[in-house]
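Taken in order, these protein sequences are the chains called A and B.
According to my numbering, the stretch in the first sequence is residues 1 to 112, in order.
According to my numbering, the stretch in the second sequence is residues 1 to 116, in order.
Think of the hints as simulated: they come from the structure by calculation, not from any bench.
Bear in mind the structure is a predicted one, so any value in this text is a computation, not a measurement.
Hints are not guaranteed to be accurate.
Per label pair, the in silico range of CB-to-CB distance [stated by the list, open to error]:
1. P70/A x R16/B: 48 to 54 Å
2. K3/B x N79/A: 28 to 34 Å
3. I96/A x R16/B: 35 to 41 Å
4. K52/B x H67/A: 37 to 43 Å
5. T65/B x S27/A: 36 to 42 Å
6. A38/A x A17/B: 44 to 50 Å
7. F60/A x N23/B: 26 to 32 Å
8. G29/B x G16/A: 47 to 53 Å
9. L39/A x N19/B: 25 to 31 Å
10. T56/B x D62/A: 40 to 46 Å
Glycine included, C-beta positions come from ideal geometry on N, C-alpha and C.
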Amino acid sequence: DAGVTQSPTHLIKTRGQQVTLRCSPKSGHDTVSWYQQALGQGPQFIFQYYEEEERQRGNFPDRFSGHQYPNYSSELNVNALLLGDSALYLCASSVIPRDEQYFGPGTRLTVT
Amino acid sequence: DAKTTQPPSMDCAEGRAANLPCNHSTISGNEYVYWYRQIHSQGPQYIIHGLKNNETNEMASLIITEDRKSSTLILPHATLRDTAVYYCIVRRSTKNSGGSNYKLTFGKGTLLTVNP
Numbered sequence: 001d002a003g004v005t006q007s008p009t010h011l012i013k014t015r016g017q018q019v020t021l022r023c024s025p026k027s028g029h030d031t032v033s034w035y036q037q038a039l040g041q042g043p044q045f046i047f048q049y050y051e052e053e054e055r056q057r058g059n060f061p062d063r064f065s066g067h068q069y070p071n072y073s074s075e076l077n078v079n080a081l082l083l084g085d086s087a088l089y090l091c092a093s094s095v096i097p098r099d100e101q102y103f104g105p106g107t108r109l110t111v112t
Numbered sequence: 001d002a003k004t005t006q007p008p009s010m011d012c013a014e015g016r017a018a019n020l021p022c023n024h025s026t027i028s029g030n031e032y033v034y035w036y037r038q039i040h041s042q043g044p045q046y047i048i049h050g051l052k053n054n055e056t057n058e059m060a061s062l063i064i065t066e067d068r069k070s071s072t073l074i075l076p077h078a079t080l081r082d083t084a085v086y087y088c089i090v091r092r093s094t095k096n097s098g099g100s101n102y103k104l105t106f107g108k109g110t111l112l113t114v115n116p
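Use the sequences and the hints to build the structure in full.
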């Protein structure tokens, strides 16, 4: 058990709706990264939060946004959902300067 | 980040060593080799990482060639629970990064199937 928790486990939304996914990092970790994993593909980096700021961003549109709270927990928000947003969304936590990232079990988002 | 090349799938008999290869011919001097695995329907799990020396931990061993252009992950006694997709990733270390924890760039990995 890596200690990273995500909620909800599963979610079904309709095209055009908005969704918020939540992540609590492993105890002692201060950095949260979000990844999107489509079926049959490896995870793709969305963005990373450290000290409540977005530090790095992958090739994802502005519809994807996030937030980090003072307790290091994080949210991923996706607006104007598309069918192609259906995927497993993974949260990973880490603490600088250690290199390991610990992943949560993910949230399975289905857009209909 | 340097790209990696892995075979799409491999089989291994239970109890035998599983040797998973990875090519990373364009790796640069400050990039490390990381291995993660993903068991079906779970999040990826960190296994091991190294720069140029061989590394061993309770899960696996990592052998990096002298020219650093390829590496092998070794699971010494594979069990059925080791069946998973194994990802080889090349990335700069967080140390001396000025506060950045570099992203992980996943490919498609190798599906290792451990057979009874």
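Hints and how they fare:
no.: 1; hint: P70/A x R16/B: 48 to 54 Å; verdict: holds (49 Å)
no.: 2; hint: K3/B x N79/A: 28 to 34 Å; verdict: holds (32 Å)
no.: 3; hint: I96/A x R16/B: 35 to 41 Å; verdict: holds (38 Å)
no.: 4; hint: K52/B x H67/A: 37 to 43 Å; verdict: holds (39 Å)
no.: 5; hint: T65/B x S27/A: 36 to 42 Å; verdict: holds (37 Å)
no.: 6; hint: A38/A x A17/B: 44 to 50 Å; verdict: violated (32 Å)
no.: 7; hint: F60/A x N23/B: 26 to 32 Å; verdict: holds (28 Å)
no.: 8; hint: G29/B x G16/A: 47 to 53 Å; verdict: holds (48 Å)
no.: 9; hint: L39/A x N19/B: 25 to 31 Å; verdict: holds (28 Å)
no.: 10; hint: T56/B x D62/A: 40 to 46 Å; verdict: holds (44 Å)
Of the hints listed earlier, the one the structure fails to meet is number 6.
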